[in-house]
Structures are given as structure tokens and as C-alpha cells.
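Engineer: Sequence:
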Amino acid sequence: MISKRKNILSGVARAVAMILLLVGAVLILTPLLWTISMALKPDSEIYSSNFFPKVLQWSNFPKALSSIDFFLYLKNTLVILIPNLIGTVISSAIVAYGFSRFNFKWKRGWFLILLATMMLPGQITMIPQFLIFRQMGWVNTPLPLIVPAFFGGGAFNIFLLRQYMSGIPKDFDEAARIDGAGPGRVFWKLMLPMCKPVLTAITIFTFMGVWNDFNGPLIYLYDSKKFTLSIGLSFFKGLYTSKWNLLMAATIIIMIPILILFFVAQEYIIDGISISSGTKG
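With this note's numbering applied, the sequence shown closes on residue 281, and no number is skipped along the way.
Check before you lean on any hint, since a few could be wrong.
To be verified - Below, a list of computed lysine-lysine pairs in the DSS-like style, where the Cα atoms sit at most 27 angstroms apart:
#1 Lys170 to Lys63
#2 Lys75 to Lys63
#3 Lys225 to Lys196
#4 Lys196 to Lys226
Stated by the list, open to error - Label pairs and their in silico Cβ distance ranges:
#5 Trp110 to Gly209: 42 to 50 angstroms
#6 Ile36 to Phe156: 27 to 35 angstroms
#7 Ser66 to Gly182: 50 to 58 angstroms
#8 Phe61 to Leu112: 46 to 54 angstroms
#9 Glu174 to Met18: 44 to 52 angstroms
#10 Gly209 to Ala25: 22 to 30 angstroms
#11 Phe156 to Leu29: 21 to 29 angstroms
#12 Leu190 to Leu85: 55 to 63 angstroms
#13 Val23 to Ile219: 37 to 45 angstroms
Honestly, the hints are just simulated from the structure, not real lab data. Where a beta carbon is used, it is the ideal one built from N, C-alpha and C, also for glycine.
Could you put the whole structure together from the sequences, leaning on the hints where they help?
Structural biologist: Here's what the structure looks like:
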């Protein structure tokens with residue numbers, strides 16, 4: 001009798017959990033469905049109350065590409081994106097390697113200061129950074145959006161990598177040193193290959209952050225020929241009218257690389273974060 005009651009309760013609990021998950025999925029997917037629906041609407045149905053268009057306007061997608069200088073903005077985005085990926089991965093790995101493998105004065109204090117920078121809102125450092133880059137003559141160039149990636153790669157990325165590296169036994173390092181490998185060779189030949197899951201996760205996070213970045217290009221770039229894709233979307237919004245269907249069509253086109261990247265590498269994201277959070281430094 002007791003076991004039967006437990007089975008009933010567990011069945012009810014699973015049903016409630018499934019319902020909650022279904023409701024959550026609907027709430028999350030509704031904005032995406034609205035975006036797709038709006039992207040397929042003709043001009044006459046933009047402000048209609050119909051959620052789905054009566055006539056699917058597939059021509060909105062090529063029209064969206066031709067309405068702005070899409071491929072110029074794509075090139076500008078890649079000019080910023082590729083160096084950011086390289087700089088963030090390499091610099092964060094080097095800093096994390098130092099924190100996980102070397103002993104130096106005030107090591108714990110420096111690491112706590114590094115973690116404390118994660119608590120600072122970006123708005124606090126925005127103005128000082130802009131003033132520094134303006135003094136250097138870098139405004140209206142992609143340099144302010146690229147160079148910082150080569151100086152640390154971000155506190156969160158360093159934290160993830162440091163935690164992951166701390167979980168790798170130091171016996172590997174000692175064995176490599178017996179074979180004549182120095183710290184640099186241990187880092188490149190041993191640590192980086194072993195950190196592949198978390199490095200992949202950091203690469204994906206960096207890709208998503210730079211690809212969708214709006215504030216950075218808006219602050220430092222004022223020449224329209226240097227705008228990125230995120231800034232280019234704003235051209236669909238006019239002072240009095242907005243081409244919502246073309247805006248949503250362009251948004252979907254820009255979303256596609258991120259969606260593909262996420263679904264292809266989601267296993268690495270989960271492994272990289274779960275393993276990093278499970279190790280003890």
C-alpha cells in the first residue's frame with residue numbers, strides 16, 4: 001500500500017514537472033516564434049492582430065540583406081570577432097596557467113582582486129575606458145574592441161580555466177619536466193590540449209558576446225563604413241516608421257550562426273562549465 005502511494009506521488013510529481021517545463025518552454029519560445037512570424041509578414045500585415053501571417057513573405061529575407069550594406073557589416077564584425085577569439089582564449093589561458101601552477105607573492109590576494117572585477121558593472125568602467133582610448137587616438141577604429149582581449153581575456157574566463165587547470169594533477173607537469181620540457185612547452189603541449197572542453201566553451205561565449213555586442217561599436221565607431229551587424233540592424237528603425245518585418249528577417253539571419261554554433265558545441269559548453277565548477281583550486 002505504501003509503495004503504491006509512493007508510485008502515485010512520484011507519478012504526480014513527474015507530471016507536474018513536465019507541465020512546468022512545458023510552460024517554461026512556451027514562454028521562452030514565444031518571442032522567437034513572434035520574430036519568425038513578423039519576419040514572414042508582408043507590409044500590410046505588420047500591425048495586424050494576427051500572430052501568424054496569412055501570406056508568407058519569404059522575399060523579406062533577401063530584401064533585408066539588400067536594404068543595408070550587410071556584407072560590409074559582416075566583414076567589419078569578423079575583423080573584430082576573429083582577433084577577439086584568439087586574444088581571449090590565449091591570454092585567459094596564460095593568466096589561468098600562472099594562477100594554477102605558479103606560486104608568487106600575494107597570489108591569493110591578486111586572484112581575489114581579479115574575481116572582484118566581476119562584480120563591477122560595465123557602466124562604471126565605460127567612461128574611463130573611453131577617455132583612455134580617446135587620448136590614444138583609437139576612437140572610430142576597431143582597436144578598442146580588439147586590443148583588450150589580449151590583456152587577460154576576462155575575469156570569468158580566467159576563473160573557469162584556473163579551476164579546470166587546478167583539477168589536473170601536477171604529476172603531468174613533473175613528468176614533462178623530467179623529459180626536458182620547460183614551463184612554456186608544458187603550457188602549449190600539455191595544458192592547452194587537456195583544457196579543450198573549457199577552451200571550447202570560452203570560445204563560444206566570446207563568439208556570442210562579440211557577435212551580439214551593440215554598446216561597444218556604438219560607443220567607439222561613428223563612421224557608418226565601420227559599423228558591425230548589430231549596429232546595422234538599427235537602420236531598419238526610422239524616426240517615424242520602422243520596417244519591423246525586414247528588421248526581424250535580418251535578426252533571424254544574424255541569429256543563425258549562433259544557433260548552429262550552440263547546437264554543434266553544446267556538449268562542450270556543458271562539460272567545460274560543469275567540470276570547472278566541480279574542481280577545487
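Engineer: Now tell me if each hint is right for this structure.
Structural biologist: Okay, the hints, checked on the actual structure:
This hinted pair does not check out: lysine 170 and lysine 63 have alpha carbons roughly 57 angstroms apart, beyond 27 angstroms. Note on lysine 75 and lysine 63: the hinted pairing holds, with a Cα-Cα distance of about 19 angstroms set against a maximum of 27 angstroms. For the hint linking lysine 225 to lysine 196, the alpha-carbon distance of about 37 angstroms lies beyond 27 angstroms, and the restraint is violated. The straight-line distance between the Cα atoms of lysine 196 and lysine 226 is roughly 34 angstroms, outside the 27 angstroms bound, and the hint therefore fails.
For tryptophan 110 and glycine 209, the hinted distance range of 42 to 50 angstroms is not satisfied, since their beta carbons lie about 25 angstroms from each other. At roughly 32 angstroms, the beta-carbon separation of isoleucine 36 and phenylalanine 156 lies within the given 27 to 35 angstroms, and the hint holds. The beta-carbon spacing between serine 66 and glycine 182, approximately 55 angstroms, falls within the hinted interval of 50 to 58 angstroms. Between phenylalanine 61 and leucine 112 the beta carbon distance is about 50 angstroms. The supplied range of 46 to 54 angstroms therefore holds.
The given range of 44 to 52 angstroms is respected by glutamate 174 and methionine 18, whose C-beta atoms sit roughly 51 angstroms from each other. Hint check: glycine 209 to alanine 25, Cβ distance near 25 angstroms, so the stated range 22 to 30 angstroms holds. Judged by the Cβ atoms, the range 21 to 29 angstroms given for phenylalanine 156 and leucine 29 holds: they are separated by roughly 28 angstroms. Look at leucine 190 against leucine 85: about 22 angstroms separates their beta carbons, and that is not inside 55 to 63 angstroms.
For the hinted restraint 37 to 45 angstroms between valine 23 and isoleucine 219, the CB-CB distance of approximately 39 angstroms keeps it satisfied.
In summary, the structure is inconsistent with hints 1, 3, 4, 5, 12 from the numbered list given earlier, while agreeing with the others.
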